Amino acid sequence: MNKAFNRRGFLQGSLAGAAVATVSLAKPTEASTFEGYPDSIGVLVDLSRCIGCRSCEAACNKEQNLPAPALPFNDFSVFDELLHGQKRRPDETRYTVVNRYEIPGREHPLFRKIQCNHCLEPACLTSCFVNAYTKTPEGAVIYNADVCVGCRTCMVACPFYIPAFRYSSAFHPRIMKCIFCYDTRLTKGKPPACVESCPQEAMTFGRRTDLLEIGRQRIRENAGTYVDHIYGEHEAGGTAWMYISPAPFEQAGFDTTVPKEPILNYVKDFLSIVPMVLTIWPALFAGFHLLATRKEKLEQQKKNEGEV
Amino acid sequence: MRNFINNTPEIPIASHHKPDGTAWSLKEKLWLGLSRQDYKDQFLRNPVNWVLIAIFAIGVPLILQRYFAGLGSITHASDDYPWGLFLGFGLFGMVPLSASGFLLGTTVEIFGRKDFIPIERLALLNGLLGYFFAVVYLEVDLGMPWRLYYPMVVSLGPAAVLFLVAWHVATYLSVQIAEVSSAYFEWIGWLKGKRFIKSIAVGLTISGIILSTLHQGALGALFTYAPGKVHPLWFSANFQWVHFFCSAIFAGLSMVIVASTLCKNHLTWRCDERFLKNVDTLTLGLAKGCALAMITYLVIKLVGVAHDNDWAYLLTGWGQYFLLELGVAVVLPMFMFAYGVKNHKVSLVRWAALISVLGIVWNRLNTSMICFNWRIYQEIPHWKEVWVTITVFALYFIVYRFILYRLPILYQWQDNK
Amino acid sequence: MHTNPKAVIAAAVLMLTGMLYPSQPCHASDEYDAIEIVTIDVLADLYKPVVFNHQWHTKLAPCKDCHHHTTGRQDMDPNCIRCHANSKEATSVACSSCHSSKQFYPEQLNETRNPTLYHIDKPGLKGAYHLSCVPCHVKKNAPSHCEGCHALTDAGKQYFHLNKQAAPGKTKGSHAQ
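Residue numbers (our numbering), protein chains in the order written: chain A, 88 to 395; chain B, 594 to 1010; chain C, 6 to 182.
Errors might be hidden in some of the hints.
Calculated cross-link-like contacts (lysine-lysine; reagent style BS3-like; alpha-carbon spacing at most 30 Å) [said to hold, decoys possible]:
| no. | chain 1 | residue 1 | chain 2 | residue 2 |
| --- | --- | --- | --- | --- |
| 1 | B | K633 | B | K620 |
| 2 | C | K53 | A | K149 |
| 3 | C | K145 | C | K127 |
| 4 | B | K785 | B | K620 |
| 5 | C | K107 | A | K277 |
| 6 | B | K707 | A | K384 |
| 7 | A | K174 | C | K144 |
| 8 | A | K275 | C | K107 |
| 9 | C | K107 | A | K149 |
| 10 | B | K870 | B | K977 |
| 11 | B | K787 | A | K389 |
| 12 | B | K633 | A | K382 |
| 13 | A | K384 | B | K791 |
| 14 | A | K384 | B | K785 |
| 15 | B | K707 | A | K382 |
| 16 | C | K144 | A | K275 |
| 17 | B | K791 | A | K389 |
| 18 | A | K384 | B | K620 |
| 19 | C | K127 | C | K107 |
| 20 | C | K69 | C | K107 |
| 21 | B | K785 | B | K935 |
| 22 | A | K384 | B | K977 |
| 23 | A | K390 | B | K787 |
| 24 | A | K390 | B | K977 |
| 25 | B | K977 | A | K174 |
| 26 | B | K633 | B | K707 |
| 27 | B | K620 | B | K791 |
Rather than coming from a laboratory, the hints here were simulated on the basis of the structure. Computed from a predicted structure; not experimentally measured.
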């Protein structure tokens, strides 16, 4: 019996050992920082190619079953629309918009398509307290309306002003945001509807790492055509959707002040003090309490002794 | 109310028994010992109530509109300004003003300053109601208010700052309910409950300090998610939480001064001798705390500017606005507090407290709305949004007053030894 | 948008038969050999087919303005010559023989992965057409807005939500190059 027990113990021990070995083998391969999923997909937008036909807006509207637009998609007066001095932005009726920018010194204007840039470390995701956002290995940042509380912190956090809120609904409000056609197309190996609809191939769809190569090649081989920068390579810690432009990016409405690191980095300072407060405060203030009330206690004791 | 008290010796109720020895029923306690008619008369005679009625007459339909036609029906539904007045004022403004609970709790329970006891309960109640109504404002603002508990049980995102705020505010709210409940237990005459709360008071207070430090700071840290959106002078990745925490200290203390002043002047019948005799001295004591917290705040505010090298912004229009805010909302009341404490000028201190309370609300509105999106444009809230904000505040005022009228906050319960 | 592979193949075959003489690969092609009419109906669900008068276009511009190369002729583009100086004669000049109508699908994505591949940035057929046609149309004041070449079908009108406002053929201000 003793022997049997030993054998079983040995087996258990070796199993446990194997488990430990697996874990300890697995550990070193985990990077301490996350650089994004290696094979994730992205899109490279070339502003020099976009002609502002708004086909992508129409394609998105159809693919995502969004509400009918106020004006037809081939009405180009929308490029003159301004709200609070701002050009159009994605809102609860549209996941993507194309805006026109007159560039000083250029004969023709530039057009910029705006949609979720699908950050590698999305600010919306890291700020969400119910985990409504997911960065999929394919590269899309998707949203789960079933757990969303509607606090709209993601909208505050997004450096690109992308998530919009369905304010018009009392009972079914939700965040409205480009999801890279994740469920209907991306997971089936298809490019998103906007990319497929583009006549000019202003959008190149591919693995993010390949897109960076393509972008650099395009900048290099068309010397003088492009600004030597891929917007989104580092902005906000890197985005899946990236842009190359023949004019300085700020002239085409890009926010070039967006940090070149994940938004989360700005929050880490605070997050790091949390464990400190949680562990040190109780001891510290209990200590204060004991010190502050020591005299009182001594007096109490004295009194008690006197009574005795 | 004053007239009734002069005419009826047994009110205000301050013990379980009428002078003739019979016990007050709970119903009588609720009606303040008045008949329905008398209660109605005193209610209608008070001009404040007419103002409240006017606010509610318009505000309640607006709140219903919000719940049945969506947030967009009473706000500008801005995607650029996801947080409007409900959070800018209601959450970011109310929470620092409610720091009073943990501050006075710490002073009395931890540092053993028993001399602050006469004002401790007012501070605790002020804290509890402030937090509670911050949650009410949140419920007005949340897209799906019926999912308020989701971050607690349904879907957890523990790495988010707001998760911390949610949990800490929820826990702290229960801590504060426990702290204030001893007044309630006295009022209903359940001494066992009171004794139990007293036995865990130190534990409650310490957990209150932890939770307050973290969520006051976390409210500031929420804005560190928007480094490009909040103006650099109001933004500091490293110090934002310290700024919010430190300013909450003088905000909470000032709020107690303001509340105690209102009670002293307009609720005199409900205050007992102990409160009225001590309130001036205690006000000066609180003012001292305010002045110290303010100088600390001022220093770390400047450290924040220096750390991010934001000096150049001080020369811009935004910089002047920043200096105006610091000057009017911090430096001015700070000197008033200091001068008032030194020369025993209680009324000066009280004005300083009012300035500092309004100043802290101004600061939170600056951070969350006015200096938010400083690169693009400034959002002016819809009048309905302003009205609903005022309506909820009026509700806060009514509940606050309702409790002060009844529970032993400003007076000591007579027979519960 | 949905591409109809059959239509693409049809267009390609049409171009191929018009342009190529597979039996005589050494014979250099020139504008006189060119096909006359190409009907492009890849997106025939949203747009009516485009009838492209190729022969007419050959009189307006030399082949090289649109084609990288013709059959049997040495490539002249300095960038291409870097590798193709000694390449064999091309056997095809049809756009569709290099530019795929099925762009950005997994097969193509995997192709881009090849580390030795230079042509990682090859537009699809639709992109190649538009990138080639539009700048010239803009330069020569030829129709350059969408409906100048592509008449919308009923499905297309619905797609662009034209039902509300009868404003077809609104011209775009201008084009990027």
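Verification of the hints:
1. B/K633 - B/K620: holds (16 Å)
2. C/K53 - A/K149: Status holds; Cα separation ~20 Å.
3. C/K145 - C/K127: Holds, because 26 Å separates the two Cα atoms, which is no more than 30 Å.
4. B/K785 - B/K620: Holds: B/K785 and B/K620 sit about 22 Å apart, inside 30 Å.
5. C/K107 - A/K277: Holds. C/K107 to A/K277 sits at ~10 Å (cutoff 30 Å).
6. B/K707 - A/K384: holds (14 Å)
7. A/K174 - C/K144: Holds, at about 29 Å.
8. A/K275 - C/K107: With a Cα-Cα distance of about 14 Å, the restraint between A/K275 and C/K107 holds, given a limit of 30 Å.
9. C/K107 - A/K149: With a Cα-Cα distance of about 21 Å, the restraint between C/K107 and A/K149 holds, given a limit of 30 Å.
10. B/K870 - B/K977: violated (43 Å)
11. B/K787 - A/K389: Answer holds: B/K787 to A/K389 is near 28 Å, not above 30 Å.
12. B/K633 - A/K382: violated (52 Å)
13. A/K384 - B/K791: Distance of about 17 Å is within 30 Å: holds.
14. A/K384 - B/K785: Distance ~24 Å between A/K384 and B/K785 Cα, so the pair holds.
15. B/K707 - A/K382: Since the Cα atoms of B/K707 and A/K382 sit roughly 13 Å apart, the hinted pair holds (cutoff 30 Å).
16. C/K144 - A/K275: Violated. C/K144 to A/K275 sits at ~40 Å, over the 30 Å cutoff.
17. B/K791 - A/K389: Answer holds: B/K791 to A/K389 is near 24 Å, not above 30 Å.
18. A/K384 - B/K620: Not OK: A/K384 and B/K620 at ~42 Å, beyond 30 Å, violated.
19. C/K127 - C/K107: Holds, because 12 Å separates the two Cα atoms, which is no more than 30 Å.
20. C/K69 - C/K107: holds (25 Å)
21. B/K785 - B/K935: violated (44 Å)
22. A/K384 - B/K977: violated (57 Å)
23. A/K390 - B/K787: holds (26 Å)
24. A/K390 - B/K977: violated (64 Å)
25. B/K977 - A/K174: holds (26 Å)
26. B/K633 - B/K707: It is violated: about 39 Å lies between the C-alpha atoms, which goes past 30 Å.
27. B/K620 - B/K791: holds (27 Å)
Hint compliance for this structure: hints 10, 12, 16, 18, 21, 22, 24, 26 are broken, all remaining hints hold.
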